[in-house]
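**Q** This is what each chain is made of:
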Amino acid sequence: MASSLNFFGGFKLTFLHLTRPRVTTSYPQAKRPKQPRQHGRHVLNRYEDGMEKCIGCELCAGVCPVNCIYVRGLDNPPDHPVSPGERYGYVYEINYLRCIHCDLCVEACPTQAITESKMFEFSFTNRADAIYTKAELLVDDQGFPQRLPWEDWREGEADMTGGWMRATSPAGDASFEGVVQWTADLGFGVRAAEAGQSENRDDVATGSKQLRNVFPRHLQPEDVPLDQRGLQAKFNNARKKMPRRRRSRDRS
Amino acid sequence: MSAWFGSVDPLYGAGPLTLAIFLIVVIRLVAAFSVLMGAVIIMIWFERKTISDMQSRIGPQRWGPFGLLQTLADGIKLILKEDLIPAEADRFVFKLAPYLVVLPAFITFAIVPIGGTLTIAGHPVQLQAANPPMGILLLLAMSGISVYGVMLAGWSSGSKYPLLSAVRASAQMISYEAALGMTIVTIVLATGSLSMHDIVASQAHGIWHWNLIRLGVVPFVVFLIAITAELNRPPFDVVEAESELVGGFHTEYSSFRFAIFFLAEYMNTITMSAIMVTLFFGGPAGWIPNISHLRWVFPILWFLAKTVVFAFCYVWFRASLPRLRYDQLMDLGWKRLIPLSLGWMLVVAGFLISRAWGFIMATAVLVAWTMLTRAFELGHRRERGVASVLPVVGERPVPGEVLRAITDADEEE
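These protein sequences, in sequence, are chains Y and W.
For the first sequence, the tail end lands on 236 under our numbering, and the numbers increase by one without skipping.
For the second sequence, the tail end lands on 399 under our numbering, and the numbers increase by one without skipping.
Pulled out of the complex, with its shape left as it was, chain W reads as follows (with noise of 0.2 Å):
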């Protein structure tokens, strides 16, 4: 037992559980806990001051130095508001869901590798709240219960527009997870371990290593996308589409409860750009100058850099592109996105194999592509011609030469 133990954490691995390695374990936790709510202060602060700029606004600045205790004093606001349930809710599920949405955001978070390890009174530690040997299908599970949160927040209000907002979030994230999990087999191959500490090893060793250029360009633009639309962000966010159904999901939500899934989006946002970082940038990878004891602070520095840059980058497709509609957001996911990871993770395979594999994969995935290409648009006709269910907008569904035979019938008559 405990050489398995050893295999998932070195820590366990070097003698009996001692109170020592239990402390350990308590603080790496509360430690990764504390840096990942701090982490959304900031990262809330971040995206509006960055979204102000980009929007030639000066942005919050009346708490704090640049306005950085503003999350702050709008939690507090939160807290002190009055919490209302609707009438029509269901009361359990509506209390239950913001504690579905929150805790998968803080279970990813947890699997994350933000730095090498470190040895504190003789023992190894890794900077990573835990190491499960399934490390990456945790991500896909607890992605999958956070659209249970969404969901039943949506269905358990007793109301039009989250329910409306509910039936969205479920079918977009089912739609963008085949997407999402497609890309991370094609890092799984590659790698050869679920464990989020392997797939960092193995990209340590240099920038040709890393799975962005490794797997080719196409797997990571295939999961920035398809992550984008998971998280509901902009311009995926038709779940919370302000213009349409209010404020989504969580237009009945009040009070401590609706920060609770603004914590967890945002909570979200950063685990997502760190799990980004970790599959396909080498995670805390990178170069380290040759100071004695300072060696350790640098991959998390690293690390920081490059989840950063990722935040960033929400924010600026946030501010940059217009949301999407929903059927154009379907049209990405099923016809584009999910054909295209999947014809890639297939050709990936076959270059794992040998040569000759991967170019027969590449010719067939090739073919198959070109056929579906002809299939969508014979399909896209087929939808623009008469036989097409719902009318086209802006167009008669039935033609003018055949509209004005029947009108003139009745004039006749």
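Next comes chain Y alone, as it looks inside the complex (with noise of 0.2 Å):
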């Protein structure tokens, strides 16, 4: 008997699918969220007078492990300096059939002079067309990457660009957490910092989950946290999928 009730069990799971809200989008004319560290294509950041940060080191193009960034320095003109300090970067160009998106560079970068966006949404009819140049790469005098009429830039999608360096805080130390790390990143806000990176994370704004809490079941008993065990879990759960139920019917 409790065999044939699952067969029709089935049946009524996909009836009741009929009523759910649907998990695709119609994608071009509709768009998901970016997720907060979604690797895109690099900009190169300026400084808030508007000289260039990279100082044509070449450390982006030593790390980059599929050698796609070619970096030439050059010193900088006394009369009108490009970057404040010694050198420029003179020629940057970065090679997006090569690139993928590894974001080394961006670690590397000792001026944070190179991040990525979010954009990946740009595709290219010959090769020389992938070989972004410091016209494409540099941002705006807002501090935005510039809106190249073959990518797809939507309303807000330039506006975390520079955010996972900020909320990573470079060379990983956490106590840099909400400190403007180089002076005044055209454009952006500072981010809530994310699992991981301190005490005070703050996962609901920057969408993170701990593993540990979400898959409890896949861990040995001794390792699973103290809320999530026997019916405390299960009241916990509950009052977490509330809301997000209730999030979920307001969005459709």
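Some clues are possibly wrong.
Now the stretches of chain W that chain Y is said to cover, found in silico as 3 or more residues with beta-carbon under 8 Å [unchecked claim]:
id, region
1, 41 to 49
2, 301 to 312
Pairs of lysine to any residue residues, derived as SDA-like cross-links and limited to a Cα-Cα distance of at most 25 Å, are as follows [unchecked claim]:
id, chain 1, residue 1, chain 2, residue 2
3, Y, Lys15, W, Thr36
4, W, Lys321, Y, Asn(-10)
5, Y, Lys18, W, Lys63
6, W, Lys63, Y, Ser10
7, W, Lys35, Y, Tyr11
8, W, Lys35, Y, His1
9, Y, Lys(-4), W, Ser42
10, W, Lys35, Y, Pro65
11, W, Lys35, Y, Lys225
12, Y, Lys15, W, Lys321
13, Y, Lys(-4), W, Phe303
14, W, Lys35, Y, Glu139
15, W, Lys35, Y, Arg131
To be clear, the hints were calculated from the coordinates, so they are not data collected in a lab.
Only a predicted model underlies this, so the values are computations on that prediction, with no experimental measurement involved.
C-beta: ideal position from N, C-alpha, C; glycine also.
Quick one: dock chain against chain with the hints and give me the complex.
**A** Put into structure tokens, the structure is as follows:
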């Protein structure tokens, strides 16, 4: 009897799905919000006074595992310097047919000159177009990435461009959480800390989840967090689910 | 001669065959064909939309409102594609096979009565493309021919997967046709006529006269399962099992010939939904409000509504049920459905003679059923043993201790 009930349970499940909200979106028209740490195409940042941050040190090119970055530095012309300091990036090219968006260049950069935007929706019709030069990579006067005509930028998508460098705090030092690391990165605010960065992290704001809390049944019994055990866990989970359900209803 | 024609269709009985009658017949055929083609386009859209809803997807949306023109766009795309014929193919049969599938699909629809009788220019017109006196036999004959289409398509492709699929298709369709035929015999016994029109007319007097209830629900269930298998639709789609046979019998087909197979599949789905409605749910029978000039519309609406329910059921099956393994398919067909439909037919036949005969038949069928169950059980146990021809997956064909004795002997030497 039990097995026959399961048989009709399958029919019930598919029927109930008729009323549930769709998981997919009609993509080019409607976009999902991008992940807070998504790696997209790069931007070359500038200081508030318009000076370029790049000092032409070629560390990014050196660390790049696929050799997609080509940098040539030059001494700053004394009468109209491009960057504060001695040298500046005279040539800066990234080949997006090679780039794997590993973000190692962002980690390596001593001046946070190169960061990644969340833009991945761009395409080319020939190889030469895949090489972005300084003309395309450099941010505009407001500090936002250039909206190139062959890229699909939507409203609000450029806002979080410098974000993840801020949140990770260079050199992994958690004590820098929430501190402006470099003089006024144009246009962007300070983001909440994520898991593993600080005691004062804000999981709701950054959208991060601790695996230990999400998958307690994959853990050894002694590793399960105390609030995930027994009746207490059921109560907690039910409470956690409630506002989310309400939220999804509001959205649809 | 005229009298005989008149008994088939009142259209011919009124007088000599005039141009008006000829025109009515032509219009009726064209109308039936276009209704079916339109229904196919909507059915494909309906299936894709419903199954995407059941899988929490959006489904077709780009062409036309709600993606309604998606099927049309697909059709145009397929027609414009290159028509490939494999080098190893038997060219004539390869070209013939799609039509052997699509023609039966249409001819079967021709016998379905989709409404009552209209009066056009003084002639009584049945809303049914044709009403042959052998009616329901045509359904069996046509489903037999469509097996040829599938089989020849698979064989003539000169490729392995289509061939395997063709073998599966022929075996599957023949096994389920037996159960299907037996169920139809039950209906014919109760109706006393083979004509679809008579079958509908005998159910016209309310819900308790529908064959679904009059014959007990069992023939309907058997018919539903058998017809799903006949259609090669999930969960019985081993013929086109994508995970095993690439695309099944139409793997090597492209362009318009592939479109024809696709068309035939959905035509069949609609036709079989319609047949099911006709045989078990009284066809166009239903409540008719008393509106003088629109009375003829309501039977059509009733028929449509009932057919849509079954079209939905097929989609629902596809979304809910996993594909049966081939041996499970054969087990279900031969060991369950055929004995069940045969036994039920005997019981119904007995009750049609007299109540006493009915109970005698029921007892006999029960005894036979028990014996059959016992026999299957014994056979099943034998299958599991050492003597089974093919080793059961996950079990050693040789018992552990025997195996150990053999290997130990080897080691000692």
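**Q** Each of the hints needs a verdict: does it hold here or not?
**A** Outcome of the hint check:
1. A count of 5 residues in the region 41 to 49 of chain W with a Cβ less than 8 Å from any Cβ of chain Y is obtained; the coverage claim is therefore met, three being the minimum.
2. Check on the region 301 to 312 of chain W: 4 of its residues sit with their Cβ under 8 Å from a Cβ of chain Y, so the three-residue criterion for coverage holds.
3. Between the alpha carbons of Lys15(Y) and Thr36(W) the distance comes to roughly 23 Å, so the proposed pair stays at or under 25 Å and holds.
4. As the CA atoms of Lys321(W) and Asn(-10)(Y) are separated by approximately 23 Å, the hinted pair is consistent with the 25 Å bound.
5. Restraint check for Lys18(Y) and Lys63(W): not satisfied, since their Cα atoms lie roughly 34 Å apart, outside the 25 Å limit.
6. A hinted pair counts as satisfied when its Cα atoms are at most 25 Å apart, and Lys63(W) with Ser10(Y) qualifies at roughly 22 Å.
7. Simply put, Lys35(W) and Tyr11(Y) have alpha-carbon atoms about 17 Å apart, close enough for the 25 Å limit, and the pair holds.
8. Distance hint between Lys35(W) and His1(Y) is fulfilled; the C-alpha atoms sit about 13 Å from each other, no more than 25 Å.
9. This hinted pair checks out: Lys(-4)(Y) and Ser42(W) have alpha carbons roughly 14 Å apart, not beyond 25 Å.
10. In summary, the hint linking Lys35(W) to Pro65(Y) is not supported, as the alpha carbons are separated by about 62 Å, beyond the 25 Å threshold.
11. Between Lys35(W) and Lys225(Y) the alpha-carbon distance is near 30 Å, which puts this suggested pair outside the 25 Å criterion.
12. Using a Cα cut-off of 25 Å, the hinted pair Lys15(Y) and Lys321(W) is violated, with the two alpha carbons roughly 53 Å apart.
13. Taking the CA atoms of Lys(-4)(Y) and Phe303(W), the gap is about 11 Å. The hint holds against a cut of 25 Å.
14. Distance check on the hinted pair: Lys35(W) and Glu139(Y) sit about 31 Å apart at the alpha-carbon level, beyond 25 Å; violated.
15. With a C-alpha separation of about 36 Å, the suggested pairing of Lys35(W) with Arg131(Y) is violated against the 25 Å cut-off.
Violated hints for the displayed structure, listed by number in ascending order: 5, 10, 11, 12, 14, 15.
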